[in-house]
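What the sequence shown shows, in this note's numbering, is residues 9 to 161, in sequence order.
Any given hint could turn out to be false.
[Said to hold, decoys possible] FRET-style restraints, in silico, Cβ to Cβ:
| hint | residue 1 | residue 2 | range |
| --- | --- | --- | --- |
| 1 | Gly155 | His126 | 13 to 23 Å |
| 2 | Lys150 | Thr95 | 12 to 22 Å |
| 3 | Gly119 | Ser74 | 33 to 43 Å |
| 4 | Gln109 | Thr154 | 20 to 30 Å |
| 5 | Gln127 | Thr157 | 14 to 24 Å |
| 6 | Pro72 | Pro141 | 31 to 41 Å |
| 7 | Gly110 | Ser139 | 28 to 38 Å |
| 8 | Thr134 | Ser161 | 11 to 21 Å |
| 9 | Thr73 | Ala148 | 31 to 41 Å |
| 10 | Pro72 | Pro143 | 32 to 42 Å |
| 11 | Pro141 | Glu117 | 12 to 22 Å |
The hints are simulated quantities; they were obtained by calculation from the structure and are not laboratory data. None of these values were measured; they are calculated from a predicted model. Think of the CB as a built atom: it goes at the ideal place given N, C-alpha and C, for glycine as much as any other residue.
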Amino acid sequence: MTEGIPHPASDRGLHERVGALTDRRGVLKVVGVVVGAGALAACSSPNATPSSDGASPGSGGSTPTSEIPVGGGKVFADSQTVVTQPTAGTFKAFDAVCPHQGCTVGSVEGGQIICPCHQSHFDAATGNVVSGPAPTGLTAKKITVTGGTFSVS
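Construct all of the structure, not just a fragment, from the sequences and the given hints.
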């Protein structure tokens, strides 16, 4: 073999290894993993948090009313519930699934419940659509306040 000139037999092994790494199935697997990870990241809701004591509305436990700020609210992603306190002592609960495309709403700001996926906004006191592509408002849930705690059913 002459130095600097590749031997055809050694090239074949290299071509087989490169071919195995770049075949159609291998590329599709990598694309599938990347797209799947992106979809999971897009569907997650960073502002949706469970109750600090582990009890979520609708899970049989009760949650302290102090967790819900006056004029604001909190999203409980694990029970797909958003609880608001539009005025002091008035608590409302809604299904946290946006009727537009099924994303979980992400936050309550300025008297509105906001879906991060396509920016639908809902009234925190009524659940009605304020703006965005959502065709209907959020479905109300029954909230029961007892002393300094609440539960949702």
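Worksheet item: Which of the stated hints cannot be reconciled with the structure, identified by number in ascending sequence?
Response: 1, 3, 4, 5, 7 and 9
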